[in-house]
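There are 2 protein chains.
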Amino acid sequence: MSLKLGDEFPNFHLKTSAGDFQFHEWLGNQWGILFSHPADYTPVCTTELSRAAKLAPEFAKRNTKLIGLSCDTVENHHGWIKDLQSYAGSVCSDGACKTVSSGEFAFPIIDDSDRKLAKQLGMIDPDEFDTKGLPLTARAVFFIGLDKKVKASLLYPATTGRNFDEILRLLDSLQLSARLPIATPVDWKVGDKVMVPPSVKDEDVQKYFPQGVQIKNDLPSGKSYIRMAQV
Amino acid sequence: MSLKLGDEFPNFHLKTSAGDFQFHEWLGNQWGILFSHPADYTPVCTTELSRAAKLAPEFAKRNTKLIGLSCDTVENHHGWIKDLQSYAGSVCSDGACKTVSSGEFAFPIIDDSDRKLAKQLGMIDPDEFDTKGLPLTARAVFFIGLDKKVKASLLYPATTGRNFDEILRLLDSLQLSARLPIATPVDWKVGDKVMVPPSVKDEDVQKYFPQGVQIKNDLPSGKSYIRMAQV
Numbered sequence: 001m002s003l004k005l006g007d008e009f010p011n012f013h014l015k016t017s018a019g020d021f022q023f024h025e026w027l028g029n030q031w032g033i034l035f036s037h038p039a040d041y042t043p044v045c046t047t048e049l050s051r052a053a054k055l056a057p058e059f060a061k062r063n064t065k066l067i068g069l070s071c072d073t074v075e076n077h078h079g080w081i082k083d084l085q086s087y088a089g090s091v092c093s094d095g096a097c098k099t100v101s102s103g104e105f106a107f108p109i110i111d112d113s114d115r116k117l118a119k120q121l122g123m124i125d126p127d128e129f130d131t132k133g134l135p136l137t138a139r140a141v142f143f144i145g146l147d148k149k150v151k152a153s154l155l156y157p158a159t160t161g162r163n164f165d166e167i168l169r170l171l172d173s174l175q176l177s178a179r180l181p182i183a184t185p186v187d188w189k190v191g192d193k194v195m196v197p198p199s200v201k202d203e204d205v206q207k208y209f210p211q212g213v214q215i216k217n218d219l220p221s222g223k224s225y226i227r228m229a230q231v
Numbered sequence: 001m002s003l004k005l006g007d008e009f010p011n012f013h014l015k016t017s018a019g020d021f022q023f024h025e026w027l028g029n030q031w032g033i034l035f036s037h038p039a040d041y042t043p044v045c046t047t048e049l050s051r052a053a054k055l056a057p058e059f060a061k062r063n064t065k066l067i068g069l070s071c072d073t074v075e076n077h078h079g080w081i082k083d084l085q086s087y088a089g090s091v092c093s094d095g096a097c098k099t100v101s102s103g104e105f106a107f108p109i110i111d112d113s114d115r116k117l118a119k120q121l122g123m124i125d126p127d128e129f130d131t132k133g134l135p136l137t138a139r140a141v142f143f144i145g146l147d148k149k150v151k152a153s154l155l156y157p158a159t160t161g162r163n164f165d166e167i168l169r170l171l172d173s174l175q176l177s178a179r180l181p182i183a184t185p186v187d188w189k190v191g192d193k194v195m196v197p198p199s200v201k202d203e204d205v206q207k208y209f210p211q212g213v214q215i216k217n218d219l220p221s222g223k224s225y226i227r228m229a230q231v
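These protein sequence lines map, in sequence, to chains A and B. So the first sequence is numbered by my numbering: it starts at 1 and just counts up by one. So the second sequence is numbered by my numbering: it starts at 1 and just counts up by one.
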């Protein structure tokens, strides 16, 4: 099984660095981002999870819980978290980094050492193996909405560290379009104009966008489907 | 079937705005990016495909062919391409835009009006339907290597336009790590330092990185897995 948009994210029983729980109960009434990495004590993963930990306040502001996953054990996660905290502290010096560099880690990391989730969710990287020759996870990301359904996903190989600015941008778009009848154009960022999708009929535009909508009327087709608004 | 990393991308026979062909033969000895959009004559898709067309020289520099896909017919694609060219011309004024705004469009767009690829490749957006109530494609992206295998993928809903800077960044990382035994850290951009992955043994570091490697030796674990190099 690989998850498609709109599929319910399975309610796995999880063993994590922050204890054992059912995934849906842990999410509660929040959005979720589940992201896998190939292995603890490896370089790219360290840069990624440190960055994610530093961004914890940004995800919290967005009512979103983060959870990591790899095929390592909880014991390995605990040891590696000390490295993550040290690394996070070493690459920046502001207040947020100090919070990251000690105490409880910013989010749980799942122990998928039996590769159950990795296999079920199609997260295996065919080019990565541990010292025993067992497969490892790629850099998958699942965005999970309040209804526990998959809203977006990314699948990068072990060799490419993700871009957390893009992860936040995508989350902002998902949340804004869950709240308002809008869609966000290519390369959109918070504050940019949004698009009024075809599902909003002309007669409803005023209701949803009392501040006005800018319509492009000079396309060769003569159709007026490019309608932009500031929200 | 949904494609996982390392799966061969199927060699579909394609009907496109630039003629009919077998996918693999059309790719030839180039990388490929196949990306779907929900529908022609819709706002977000127009911003995305216009941006992609303007970036055609960037993809060409990277020996990469772009190909779009939606559940519209070739006839619709031809009509919409005129809008795309007009739109691309209207939102910028440099030389590249002039090239985009007339003549042959920068890349083919697949006619998947029978939804064969959309269904086989797991690209359906459960929240999007055409006027007949038929399902539409989400914003999927497949990165395909010279070996015709999937190297990375993205799956965004209709409501979120993609980020083409991230698509180029990811492509740059995929190509660099296909050429050299390196991996790129979180948020990496061309020119930034890269990571030496665990697969490169200490005794081989000098061979691959004669310019030297910077090793982080002060992690709590005492392990020296963070090795960075400029390439």
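The reader is advised that the hints may include incorrect statements.
For identical chains, the list gives no copy identity; a pair is met inside one copy or between any two copies.
Here are the simulated BS3-like pairs of lysine-lysine, each with C-alpha atoms no more than 27 Å apart in a straight line [stated by the list, open to error]:
1. K223 x K15
2. K15 x K216
3. K116 x K207
4. K193 x K207
5. K189 x K132
6. K82 x K193
7. K4 x K15
8. K148 x K216
9. K223 x K82
10. K15 x K119
11. K132 x K201
12. K216 x K132
13. K61 x K216
14. K189 x K119
15. K149 x K223
16. K116 x K193
17. K132 x K4
18. K193 x K15
19. K132 x K193
20. K149 x K132
21. K119 x K149
22. K119 x K61
23. K4 x K65
24. K61 x K15
25. K148 x K82
26. K223 x K4
27. K116 x K189
28. K116 x K201
29. K148 x K119
30. K189 x K15
Don't read these hints as lab results, they were simulated from the structure.
Quick rundown of the hints versus the structure:
1. In this homomeric assembly, K223 and K15 come within 27 Å of each other (Cα to Cα) only across copies, at 25 Å, whereas the closest approach inside a single copy is 54 Å.
2. Taking the closest pair of Cα atoms, K15 and K216 never come within 27 Å of each other, the shortest separation being 53 Å inside a single copy and 30 Å across copies.
3. Proximity of K116 and K207 under a CA criterion of 27 Å is satisfied in neither setting, with 48 Å inside one chain copy and 38 Å between copies.
4. Only within a single protomer do K193 and K207 lie at most 27 Å apart by alpha-carbon distance; the minimum there is 18 Å, versus 51 Å between protomers.
5. With identical chains, the CA atoms of K189 and K132 are never at most 27 Å apart, being 44 Å at best within one copy and 33 Å at best between copies.
6. For the identical chains of this complex, K82 and K193 are inter-copy neighbours only, at 24 Å across copies versus 42 Å inside a copy, given an alpha-carbon limit of 27 Å.
7. With identical chains, the CA atoms of K4 and K15 are at most 27 Å apart both within one copy (24 Å) and between copies (25 Å).
8. Taking CA atoms no more than 27 Å apart as the test, K148 paired with K216 passes in neither setting, with 37 Å inside one copy and 40 Å between copies.
9. Taking the shortest alpha-carbon separations for K223 and K82, only the inter-copy value of 12 Å comes in at or below 27 Å, while the best intra-copy value is 58 Å.
10. Proximity of K15 and K119 under a CA criterion of 27 Å is satisfied intra-copy only: 16 Å inside one chain copy versus 34 Å between copies.
11. With identical chains, the CA atoms of K132 and K201 are at most 27 Å apart between copies only, with a shortest distance of 17 Å across copies and 59 Å within one.
12. Taking the shortest alpha-carbon separations for K216 and K132, only the inter-copy value of 26 Å comes in at or below 27 Å, while the best intra-copy value is 60 Å.
13. In this homomeric assembly, K61 and K216 never come within 27 Å of each other (Cα to Cα): the closest approach is 35 Å inside a single copy and 33 Å across copies.
14. Proximity of K189 and K119 under a CA criterion of 27 Å is satisfied in neither setting, with 34 Å inside one chain copy and 31 Å between copies.
15. For the homomeric pair K149 and K223, neither the shortest alpha-carbon distance inside one copy (34 Å) nor that between copies (39 Å) is at most 27 Å.
16. Taking identical chains as interchangeable, the C-alpha atoms of K116 and K193 are never at most 27 Å apart, the minima being 42 Å within one chain and 34 Å between chains.
17. For the identical chains of this complex, K132 and K4 are inter-copy neighbours only, at 22 Å across copies versus 31 Å inside a copy, given an alpha-carbon limit of 27 Å.
18. In this assembly of identical chains, K193 and K15 lie within 27 Å of each other by CA distance neither inside one copy nor across copies; the values are 42 Å within and 35 Å between.
19. For the homomeric pair K132 and K193, neither the shortest alpha-carbon distance inside one copy (51 Å) nor that between copies (30 Å) is at most 27 Å.
20. For the identical chains of this complex, K149 and K132 are inter-copy neighbours only, at 25 Å across copies versus 35 Å inside a copy, given an alpha-carbon limit of 27 Å.
21. For the identical chains of this complex, K119 and K149 are neighbours both inside a copy (19 Å) and across copies (19 Å), given an alpha-carbon limit of 27 Å.
22. With identical chains, the CA atoms of K119 and K61 are never at most 27 Å apart, being 32 Å at best within one copy and 36 Å at best between copies.
23. Taking the shortest alpha-carbon separations for K4 and K65, both the intra-copy value of 21 Å and the inter-copy value of 25 Å come in at or below 27 Å.
24. For the homomeric pair K61 and K15, the shortest alpha-carbon distance inside one copy (26 Å) is at most 27 Å, but the shortest distance between copies (46 Å) is not.
25. Proximity of K148 and K82 under a CA criterion of 27 Å is satisfied in neither setting, with 31 Å inside one chain copy and 40 Å between copies.
26. For the identical chains of this complex, K223 and K4 are neighbours neither inside a copy (32 Å) nor across copies (39 Å), given an alpha-carbon limit of 27 Å.
27. Proximity of K116 to K189 under the C-alpha cut-off of 27 Å is found in neither arrangement, the shortest distances being 36 Å within a copy and 33 Å between copies.
28. In this homomeric assembly, K116 and K201 never come within 27 Å of each other (Cα to Cα): the closest approach is 46 Å inside a single copy and 30 Å across copies.
29. For a Cα distance limit of 27 Å, the shortest separation of K148 from K119 qualifies both inside one copy, at 20 Å, and across copies, at 22 Å.
30. With identical chains, the CA atoms of K189 and K15 are never at most 27 Å apart, being 36 Å at best within one copy and 35 Å at best between copies.
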